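Q: Below, each chain spelled out in residue letters.
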Amino acid sequence: MPLLVAEGVTKRFGGLVAVHKLDFSIEPGTIISVIGPNGAGKTTFFNCVAGFYPIDDGRIIFDGQQINGLRPDRIAHLRISRTYQNIRLFANMTALENILVGQHQHLKANWIGAVLRTPGVRREEEQATQEARRLLDFVGLQGKGDALAGKLPYGDQRRLEIARALANQPRLLLLDEPTAGMNPAETANMTDFIRSLRDALGISVLLIEHEMRVVMGISERITVLDYGEKIAEGSPRQIRADPRVIEAYLGRGAASGLSADAAPSADPIDATAAAL
Amino acid sequence: MALYLCLVGIVPVFSERPLIDDVVSLGQAFILLTGLLAGYVAATRAPGDPADRSTPITLAAGIIGGTLTGLAVTVLVLIGAVIDLRAIIQPASPALYDVLTLELGVAGAWVPTAVGGALGALAAASLLVPPLVRRSLAIGLGALVLLGLFAGLLRTPMLGSPLSALGRLLFAPEGLTAVGAVLTVVAVTGVDLLLRVLDVRRRIGDLSQSQRRTALPPVLVFALVVILLLPQGLGPFFAQVVALVALYILMGLGLNITLGLAGLLDLGFVAFFAVGAYTVGLLTSTAEFGIAQWPFWAAIPFAVLIAMLFGAFLGLPILGIRGDYLAIATLGFGEIIRILAGSDLLKPILGGPRGIINIPKPIDVPPDHFLAGAQQIYYISLICAGIIAFVALRLRDSRLGRAWVAIREDEDVAEAMGVNLVHTKLLAYMLGAAFAGLGGAIFAALIGSIFASSIQLFVSINVVALIIVGGMGSIPGVVLGAVFLIGLPELFREFSEYRFLFYGIALILMMRLRPEGLLPSRIVRREMHLPDNVEPHGAPVGSQVAAEAQERA
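Protein chains in written order, with my numbering: chain A, 245 to 520; chain B, 2 to 554.
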């Protein structure tokens, strides 16, 4: 049974249809990418899954349970975590505290317990802190737990955001352009890291990404959006060859032009990526 | 500026209060201060490089600055002699001119100009002495003003003690004696100079950790003794003032949870204050509107509980409102409660403007007992404030405190991390309301009655302002803020007309000079003053990232 199923999801902003009748599914333990030109509705779709936007039509089902219409915190309780395209850390909290907030739903202390600092609460806090340090190590931020999140270098902030999302022990992780603003070495590093999330932790990953090398390298399946519509879906190999995809990225006629001019071994998507 | 001070009417009012007995009044001190300032500013801005500017030029600049300031006052006196300015500007009365001309009338019109020139010269001359001495002198003068202001307060207890002779020497019934003034300036300047020459601060900094630790307990014990003895022996008025300050400390700490941690700006704090006060009034009063005549201690838990319920009740409809809009909405609630309390509708229950009287004191002691009157309220408020500070500290370092801060930082992301916004915000609201209710309950016992007119918007504003002035999220900051914003205005009751003027000046100065507050919490200071070493979000790959990648490769 798929982990996440979207059926005919539609989201409108006034007269603009941002996502139109999107069907979509994710099998457990896979990495799925959503790509498309700017304004194609990728992030809007993310926000619908995470409960930020109410959807106008269709259903979203996670693990057999309908989740559209639930509040974001209820969806988080089902262990869906996300990161943001423009990093949204709690800038004035330390890195460690950011991760502790991510563990929120797994901690039980109520306010009376917190004031009295009962042995149970104390033990829970110790375990939570230990777990947070482990996550810091896991994403490569050893020893930076006491730094303010907003003062960390850019790459560290991206990593910390993922660590915070992991603190919720997610079954599905939504990553919104995790390599944005990174250089090639950083990007390669992040690609390996995302793969390890799936391989080592068994987390399903839904990825929005512009960097074609990343997308083609790690995705089991790719969905291409344009103007809110799904225009293609398939394995990286299928997507590479799909003329509609190239058209969406480079404009009408580009696909035929490319295939005519380019040598047979040349890869239109690489050309597309270069053009981007 | 001197003109402004005269015409606003501060000078005559403050002239009632002598700073140095029979020599200088507080009103005159204000004018003198403007002369000094003008001289100082003119001298520092005189042409040429400050380092090698010649003595005559500096002096001349100072004299010109001071004289011009004085001249403005002289012109005022001369005009005032010809035309009666009172029709236009009410405070321009003969009394004002008397103060300005040392009671010489028009013949003394030259006095302000001359004095201004002299002050300007003095200020300029102070630039010529080493900065070390100048700073000590300024501190000496500051001490003079402070002691002059509090002279009456300090004299009373000193006369009753072994220090009676010293008290008589230094202090007149109001203000310092001339001898006292000279002694104060000399002593304070001398001691400060000595400390600076010996560089005591650096030496304390050089002390090792263990040495400092051994020094800490005596200092703490001393502070504790001072705090405990504060309301004793200073008379009932002073006891009332410190009790009020302690009460506001308590409420400031309460609001600090709502505002400082969760970032919910609640301008309707007075609503819960009113709920607590009226609950205690109704439950304990032995007069007309009392319904139970319980002892204070039985009524307190109810007051807190009911205030908390009100917090939930008023909190629910406004949970979805953010930021500035929340402030306005809560402001509205405060006003609703205030108007309801004084309305005819609730008059049969709450007594309307006549209020509820005969609220007994929490501890029943004879009038000359050390816990009598406001003293016991002071101690009760302090103990409650201590409890609240403890609760706030414990909560801050818990799952809940982190959720509050996360909401303050980014509400949407906090919700996406699984934080239930409704529960979490409501709890912050209810705790704040509970502490406001506690404050109101103690206030009712302090005054012994509760009237609709005690429920004022100004209570809410005070609590927010003292947190901001003191430093958000900081417990010592709340204490200091309460002393400044509640204690000082109470001590200078006779100038209450100008209370808001000084309040406004203080707030503007604070925001300009120290936006983080007088005693900010460590974190806030960190936020406001650390150099920003991070590139803006979305910037191209930074050098740090690249360097790291190279390291790893």
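The reader is advised that the hints may include incorrect statements.
Listed next, the in silico SDA-like pairs over lysine to any residue satisfying Cα-Cα at most 20 Å (straight line) [stated by the list, open to error]:
id, chain 1, residue 1, chain 2, residue 2
1, A, K395, B, V198
2, A, K352, B, A115
3, A, K265, A, I311
4, A, K352, B, V423
5, A, K395, B, R409
6, A, K352, B, R395
7, A, K352, B, H424
8, A, K474, A, L314
9, A, K352, B, L394
Selected chain B positions facing chain A (Cβ under 7 Å, derived; list incomplete) [what the hints assert, rightly or not]:
id, residue
10, R395
11, E410
12, N421
Note that these hints are calculated values from the structure, not bench results.
Source: prediction; values computed, not measured.
Each residue gets a CB set at the ideal place from its N, CA and C atoms; glycine is no exception.
Q: For this structure, which hints from the list above don't hold up?
A: 1, 2 and 8
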